[in-house]
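Visitor: Residues per chain, in single letters:
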Amino acid sequence: MSAIQPPAELVWWKQPLDKVEGTWIGIALVWSLIMFFMMPFWHVYGKQNLSSEAYRTTPQAYMAKTQAMVDQYTIRTETSAQLPVVRPPPGSDVYLLGRLWQWWPLLELEKGQTYRLHISSMDWNHGFSLQPVNINTQIIPGYEMVLTVTPDTSGEQTIICNEFCGIGHHTMLGKIYVTEGGR
Amino acid sequence: MSNELFRTCPESGLQFHRPAERLMKAHAVVAVVILLIGGIAALLVTLTRWPAVHLLPADRFYQLLTTHGVNMLIFWMISFEIAILYFCSSTLLKVRLATPKLAWVGFTLMLAGIIINNLAVASGTASVMMTSYVPMPANPNFYLGLILFAVGALIGCFIFLATLVIAKDEKTYEGSIPLVTFGALTACIIAVFTIASGAIILVPTWLWSLGYINHIDAAMYRVVWWALGHSSQQINVAAHVSVWYAIAAIVFGARPLSEKVSRTAFFLYIAFLQLASAHHLLVDPGLSAEWKIFNTSYAMYLAVLASMVHGLTVPGSIEVAQRAKGYTNGLFQWLRKAPWGNPIFSGMFISLVGFGFLGGISGVVMGTEQINIIIHNTIYVPGHFHATVVIGSTLAFMSLTYFLIPTLFRKQVAFPAIARLQPYFFGIGMSVFALAMMGAGTLGVERRHWDMAFTGAPLGFEYPASAYTMMGIMGLAGMVAIIGGAMYILVTVVSVFFGKSVESESSYGTATTRLMRAEPIFIPEGGHSAAGKWGFAAPGTFVLAMFFLVTFVLYYAVNWKYLASVWPLS
Numbered sequence: 001m002s003a004i005q006p007p008a009e010l011v012w013w014k015q016p017l018d019k020v021e022g023t024w025i026g027i028a029l030v031w032s033l034i035m036f037f038m039m040p041f042w043h044v045y046g047k048q049n050l051s052s053e054a055y056r057t058t059p060q061a062y063m064a065k066t067q068a069m070v071d072q073y074t075i076r077t078e079t080s081a082q083l084p085v086v087r088p089p090p091g092s093d094v095y096l097l098g099r100l101w102q103w104w105p106l107l108e109l110e111k112g113q114t115y116r117l118h119i120s121s122m123d124w125n126h127g128f129s130l131q132p133v134n135i136n137t138q139i140i141p142g143y144e145m146v147l148t149v150t151p152d153t154s155g156e157q158t159i160i161c162n163e164f165c166g167i168g169h170h171t172m173l174g175k176i177y178v179t180e181g182g183r
Numbered sequence: 001m002s003n004e005l006f007r008t009c010p011e012s013g014l015q016f017h018r019p020a021e022r023l024m025k026a027h028a029v030v031a032v033v034i035l036l037i038g039g040i041a042a043l044l045v046t047l048t049r050w051p052a053v054h055l056l057p058a059d060r061f062y063q064l065l066t067t068h069g070v071n072m073l074i075f076w077m078i079s080f081e082i083a084i085l086y087f088c089s090s091t092l093l094k095v096r097l098a099t100p101k102l103a104w105v106g107f108t109l110m111l112a113g114i115i116i117n118n119l120a121v122a123s124g125t126a127s128v129m130m131t132s133y134v135p136m137p138a139n140p141n142f143y144l145g146l147i148l149f150a151v152g153a154l155i156g157c158f159i160f161l162a163t164l165v166i167a168k169d170e171k172t173y174e175g176s177i178p179l180v181t182f183g184a185l186t187a188c189i190i191a192v193f194t195i196a197s198g199a200i201i202l203v204p205t206w207l208w209s210l211g212y213i214n215h216i217d218a219a220m221y222r223v224v225w226w227a228l229g230h231s232s233q234q235i236n237v238a239a240h241v242s243v244w245y246a247i248a249a250i251v252f253g254a255r256p257l258s259e260k261v262s263r264t265a266f267f268l269y270i271a272f273l274q275l276a277s278a279h280h281l282l283v284d285p286g287l288s289a290e291w292k293i294f295n296t297s298y299a300m301y302l303a304v305l306a307s308m309v310h311g312l313t314v315p316g317s318i319e320v321a322q323r324a325k326g327y328t329n330g331l332f333q334w335l336r337k338a339p340w341g342n343p344i345f346s347g348m349f350i351s352l353v354g355f356g357f358l359g360g361i362s363g364v365v366m367g368t369e370q371i372n373i374i375i376h377n378t379i380y381v382p383g384h385f386h387a388t389v390v391i392g393s394t395l396a397f398m399s400l401t402y403f404l405i406p407t408l409f410r411k412q413v414a415f416p417a418i419a420r421l422q423p424y425f426f427g428i429g430m431s432v433f434a435l436a437m438m439g440a441g442t443l444g445v446e447r448r449h450w451d452m453a454f455t456g457a458p459l460g461f462e463y464p465a466s467a468y469t470m471m472g473i474m475g476l477a478g479m480v481a482i483i484g485g486a487m488y489i490l491v492t493v494v495s496v497f498f499g500k501s502v503e504s505e506s507s508y509g510t511a512t513t514r515l516m517r518a519e520p521i522f523i524p525e526g527g528h529s530a531a532g533k534w535g536f537a538a539p540g541t542f543v544l545a546m547f548f549l550v551t552f553v554l555y556y557a558v559n560w561k562y563l564a565s566v567w568p569l570s
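Residue numbers (our numbering), protein chains in the order written: chain A, 1 to 183; chain B, 1 to 570.
Pulled out of the complex, with its shape left as it was, chain A reads as follows:
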């Protein structure tokens, strides 16, 4: 009987498997398990893992922390809007905020150094997409995410918003400049 009719045998579950099915199920199961264990394996031996460190916050509280860092470590400003470029010390807590439609402030980090990069949103969901290195995370209002990040390439990286956030979404860019060590 075909698949659009009831099974021919009343006790269909006792029909033995064909060899082709049994073999394929075995292969597919092994592959499934390999893929499953690859993820915990990478947590132990791989270098690219997101931490689950995150805190509830409010736009006001987060803004205050970011402003304090900007006041302390701004080294120059850029564009006609006088956007601050902040160079926090290696190993420190770095605050980045996303808002309609800007990543603020611009950051300057040192290659090979590790930073605790905090990111939050002041208003709606935003997408943190660092290009061209290609690191993407979701930024959610009310939550402060902490990424422990070690830039290992120098040069200019652009933060693009890749979560739709309204009409000015495509203008929402930020910068992370990575300088060679020892400067």
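Derived by calculation from the structure, the hints in this document are not laboratory data.
Hints may contain errors.
Below, simulated DSBU-like cross-link-like pairs (lysine-lysine); rule was C-alpha separation at most 35 Å, straight line [what the hints assert, rightly or not]: (1) B:Lys325 to A:Lys14; (2) B:Lys337 to A:Lys19; (3) A:Lys19 to B:Lys260; (4) A:Lys111 to B:Lys561; (5) B:Lys561 to A:Lys175; (6) B:Lys171 to A:Lys14; (7) A:Lys19 to B:Lys168; (8) B:Lys101 to B:Lys25; (9) A:Lys14 to B:Lys337; (10) B:Lys260 to A:Lys14; (11) B:Lys168 to A:Lys14; (12) B:Lys325 to B:Lys337; (13) B:Lys561 to A:Lys47; (14) B:Lys94 to A:Lys14; (15) B:Lys337 to B:Lys533; (16) B:Lys533 to A:Lys19; (17) A:Lys14 to B:Lys533; (18) B:Lys94 to B:Lys25; (19) B:Lys325 to A:Lys19.
Use these hints to put chain B onto chain A, whose structure you have.
Guide: Showing chain B alone in chain A's frame:
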């Protein structure tokens, strides 16, 4: 059982309960109208994301992208699926449909929901994308339309379940329900879960938009919303896999290699498929690695295992049926001699291959916890789901339509030459489209983004030229797929509303309908395997499956290597 209430299709032998038949037609017609609206939006959206054309202004682009997403991913799919549920219960079990009047209430609610939601988006006050992430606000009617549609669909699900109960009670079949009905039951169970999740999140969000609730947690919204957003696509998977089995049965008279294996695979869908909502949350703040790994892998990839099983057993059953008809030369004569000019078959087979190779592999790769870091919210993501939902589900439903036009609508398929080419235009266009999007996404191009050149931004960024090339290929291939979609709409609308009716068996003249007659198959002595090789009943399919596995393994490894090249994160 009054005979007037039933009619038997002379060609296929299917029995239609007339009230159920009218409902199926109504749902299918609404579905195709939505496909047309969503398709026009698709054309304009593609022409905007194609950098050389960049047609629409930003506000219009986001509005039409919302229209496209909601209509295609929710309204088109679920409307068609309700027709499938009624077909798989009432028609396949030769039983009256439970409470047709209530089914019309469900239909009316769904239609009202579609209209209300579309009017809200058309007003320009609900350009929030299908996902409508809070706290970005939308016109309250956006949510209300979705809620009404969901209630209507839920009524349809329960009528399907009630019809199964009636069939069992009235003993309209012997033994177990057919495999295809079992697959539809899987889809229905997933649909009930999906709609419940939708209610849990959309009802409060609607109240929030009206001002009765003052705060909805943005992270919680995403967790619950995706139990609607992703699971609704799992309804499609269960439904289109059922359609594959149905078409294998209709075109080839194929019987499942083993009922046990195929049903167990469907059961794995019920048990594990919905965990995949986590795919969207892999780079969200605050969720633990354990939660992500367990959920994103459907608990050790058991639902992926199920899809890999269906991917073998559907073509495997076709191979066995073809070999029984004498196409036994070499590994692939059964496939070469398949009716490639019959769109019921060709569409189904392209759907199967595209879903597996493009949609399946990309989905598992980007759903890997850490690999998601290099893919999240890039245009890779829509590349993936155009392969699953459009090539997988939509194309499978299109193929089934060519069977339903003569059997359900009693019309001859108009323009058979166009119908014959349609799956190729749509399937191949959409495959290249999806691949180009995945290519651009790998280069970091964003999804849901009006301008990859960032015109007017105070700071700038330039994507590599290769990214623009990919987006150009996407635009061109998108046009081919749009032509394929228009061919489908043309054939369907002309057949159903203006076509010649199918009076008797003799009027079945077109190539498309002639080929769908299932011939009884002959099982050689010694069972299936006697016609195969190496003791395998379906050796050609096994070779194809191994080719799939090699592709999968290589692509998976390449992505880990790419991930290893990005900045260390912990």
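Visitor: Now tell me if each hint is right for this structure.
Guide: The hints, checked one at a time:
Between B:Lys325 and A:Lys14 the alpha-carbon distance is near 26 Å, which keeps this suggested pair within the 35 Å criterion. Simply put, B:Lys337 and A:Lys19 have alpha-carbon atoms about 24 Å apart, close enough for the 35 Å limit, and the pair holds. The hinted pair formed by A:Lys19 and B:Lys260 meets the criterion: a straight-line CA distance of about 14 Å does not exceed 35 Å. Note on A:Lys111 and B:Lys561: the hinted pairing holds, with a Cα-Cα distance of about 21 Å set against a maximum of 35 Å.
Annotation: proposed proximity of B:Lys561 to A:Lys175 holds, straight-line Cα distance about 26 Å (limit 35 Å). Under the criterion of a C-alpha separation no larger than 35 Å, the hint pairing B:Lys171 with A:Lys14 is consistent with the structure, at around 23 Å. Proposed proximity of A:Lys19 and B:Lys168 is supported: the alpha carbons are some 34 Å apart, at most 35 Å. Straight-line distance between C-alpha atoms of B:Lys101 and B:Lys25 comes to about 15 Å, which keeps the hinted pair within the 35 Å bound.
Among the hinted pairs, A:Lys14 with B:Lys337 is consistent with the structure: their alpha-carbon atoms are about 33 Å apart, no more than 35 Å. The straight-line distance between the Cα atoms of B:Lys260 and A:Lys14 is roughly 8 Å, inside the 35 Å bound, and the hint therefore holds. Pair hint B:Lys168 plus A:Lys14 holds up; C-alpha atoms about 22 Å apart against a cutoff of 35 Å. Annotation: proposed proximity of B:Lys325 to B:Lys337 holds, straight-line Cα distance about 11 Å (limit 35 Å).
Simply put, B:Lys561 and A:Lys47 have alpha-carbon atoms about 12 Å apart, close enough for the 35 Å limit, and the pair holds. Straight-line distance between C-alpha atoms of B:Lys94 and A:Lys14 comes to about 27 Å, which keeps the hinted pair within the 35 Å bound. Among the hinted pairs, B:Lys337 with B:Lys533 is consistent with the structure: their alpha-carbon atoms are about 18 Å apart, no more than 35 Å. Proximity of B:Lys533 to A:Lys19 is assessed by CA-CA distance (about 11 Å); at most 35 Å being required, the pair is judged to hold.
A hinted pair counts as satisfied when its Cα atoms are at most 35 Å apart, and A:Lys14 with B:Lys533 qualifies at roughly 24 Å. With a C-alpha separation of about 17 Å, the suggested pairing of B:Lys94 with B:Lys25 holds against the 35 Å cut-off. Proposed proximity of B:Lys325 and A:Lys19 is supported: the alpha carbons are some 21 Å apart, at most 35 Å.
Of the hints listed earlier, there is not a single one the structure fails to meet.
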